[in-house]
Amino acid sequence: MAASQQSVAPSGTSPRSRTGTGHSQSLLARDRRFGYLLIAPLLIVLLVITAYPLGYNVWNSFHHVNYLLPPLGGFAGFSNYAELFRAEQFVPALLHTLGFTVVSVAVETVIGLSLAVALNKKFRGRGIVRAAIFIPWAVPTVVSAELWRTMFDPQQGFVNFLLTKLHLPLATTTWLDSQWTAWGAILVADAWRNTPFMAIVLLAGLQVIPSDIYEAAKIDGANAWQQFWRLTLPLLKPALMVALIFRTLQSFFIFDVVYIMTGGGPGTSTNVLAYLNYKAFFALFDYGYGGAVSVSLVIVALVIAAIYVRVFRTEEATA
Amino acid sequence: MTAATEVAVGRLRRRTARAATPWQIARRTGFFALLAIFVIVSLFPFYWIVITSLKTPQEINAGTTSLLPGHITFSNYIDDFTQNDFIRPLLNSVLVCGCTMIITVLLAALAGYALSRTNVRGKALFLGFILLANFFPVIAMVGPLFTVYRRIGFLNTYPGLIIADLIYTLPLATFLMSSYFSQIPRSLEEAALVDGSTRLNTLRKIIVPVAMPGVFTTAILAFMLTWNDFLLALSFMTSPAKYTATVAIVTLGQSPYQTFYNLIDAAVVIISVPIALLVLFAQRRIVSGLTAGSFR
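So the sequence lines, in the order shown, correspond to chains A and B. Numbering that gives the first Met the number 0 puts the first residue of the first sequence at 0, with every later residue one more than the last. Numbering that gives the first Met the number 0 puts the first residue of the second sequence at 0, with every later residue one more than the last.
If you are wondering where the hints come from, they were derived from the structure by calculation, not from laboratory data. Among the hints, a few may not be true.
Restraint-style ranges between C-beta atoms, simulated for each label pair [to be verified]:
hint, chain 1, residue 1, chain 2, residue 2, range
1, B, GLY29, A, VAL207, 23 to 31 Å
2, A, ILE212, B, ILE71, 48 to 56 Å
3, A, LEU230, B, ILE71, 46 to 54 Å
4, A, TRP224, B, PRO273, 42 to 50 Å
Partial list, derived from the structure: chain B residues whose beta carbon lies under 7 Å from chain A [said to hold, decoys possible]:
hint, residue
5, TRP47
6, VAL49
7, PHE134
Ideal Cβ placement from N, Cα and C applies to all residues, glycine included.
Chain A on its own, in the form it takes in the complex (with noise of 0.2 Å):
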């Protein structure tokens, strides 16, 4: 090929100059096809999963796609789209959802960052408490959710039995079958599952900060308090940004937990938006109106991660 180039190259240019870049250029070239020939397979099946789903969705989100209304097919404009704000269900699931997302990501967050700090300080048995405190994130959140509903159980749990144990109130609470309690359960089964997962990544974080500058700090008569405002949060930043984006993301699309809790009950009161979407596929048949909580899903999402990307990246510029 290099050859052929030389070959066809104008006289009067340095045919060792074009040689060479000819040659480079078409390594380069090879090395390029082989490159995009090894990724192709990745990105098909990608695309095919993540990209062509969402355009679907757009697609049968502006048409009537309800299985048990036929026609299919037909143009729907914004109908499906308005029905969200029109169905009664869409918006106190949003709430819902948003809700359930601030909190459990903020308690995770104090009790995982905690769990971080404490497992990031040298003592004996460490690595046995690290793999204690890890096993939860490890089992399925089927596992965690089935789990929970035993413990609040209030035949077979055991909540029930500490708070009658201790002589404490709401020891007969059925804390599935009202809105606050049944929260409350819910909160604690995805907590206790993801909050390692917080943990090992703050911990991770933690790790990579050099430990002579609390030495300097220490000198310099900063107290515990001081250090960990002034040195540890600022210095865990990125750290924390993964964590929170990966956990409020998981948070948001909640789906197992209250599938096997609840069923999105008593009445709709714990329902949250993938739950709605599933209903709205396997309940409802409606394609259209499921396709448009989905594509509302997807954005929320998007915004949600713009938003930290933004606040982290604009605090990054100020400090």
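With chain A held as given, fit chain B onto it using these hints.
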């Protein structure tokens, strides 16, 4: 930290340990008490489901009276495996997770190699897309894929679920593999290339063996992430014979009048044990993969 400062800090620690004031003792006690609470909260629920899974139906009806198991019976485990055929969903899960894991490692290794070693254009764009895919709501795949699967006969099949499950694993695996490949010195493969090996052969014979620890980490994480799936199997597997373990658990022990927690919890114990063992033996690997993957 230099050796000298380390010695100094150590000496300082020993001195403070010797001259521990009541305040310091109280603080240390508080610290370990807090750790103990965390460990108990993490592990006690497991104890509770284990003892619940060992209860007889009569004890279940009688309600909780003690922290200790009463009559220990394994009949719930036997019932799960015989009457409720829980072995089948377990095998389904193993099959689906195993295939997803293998496909994930293959695709991610190829793409990760290309990202770290070739001059493809648009790397930043591609990585951005991977990052977005990582945050894609799985429920948004369900409606369209259900429609398509029904049309092409993929509903209630293993390949259908395996393809969908790749959403959990591919983004993280790609980040991991590309970071592992970029840690391998280039001189290794250059030597092989000079000796006339083709690039694909070099990748297979030189790079992959060196990257094996990274491949293992990616494989373990891919398996765990897929094992966790509930929503996709619930949506695409329409007959009980094809249920995965997580979906089957939810259908166990339900009667119109009562929930049999002994049967549910026996199944919960069964699917938690392999994961707990995995964590105990590969904790370091899992944690390093998880954090390396999330810091990119």
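Comparing the hints with the structure gives:
1. The beta-carbon spacing between B:GLY29 and A:VAL207, approximately 27 Å, falls within the hinted interval of 23 to 31 Å.
2. Against the hinted window of 48 to 56 Å, the Cβ-Cβ separation of A:ILE212 and B:ILE71 comes to about 55 Å, which satisfies the hint.
3. Range check, A:LEU230 to B:ILE71: about 52 Å between beta-carbon atoms, so the 46 to 54 Å window is met.
4. About 43 Å separates the C-beta atoms of A:TRP224 and B:PRO273, a value consistent with the hinted range of 42 to 50 Å.
5. About 5 Å separates the beta-carbon of B:TRP47 from the nearest beta-carbon of chain A, less than 7 Å, and the hint is met.
6. Evaluation of the B:VAL49 hint against chain A yields a violated restraint, the C-beta minimum of about 11 Å exceeding 7 Å.
7. Interface restraint check: B:PHE134 against chain A, minimum CB-CB distance 5 Å, threshold 7 Å, status holds.
Hint 6 from the earlier list is the only one contradicted by this structure; the remaining hints agree with it.
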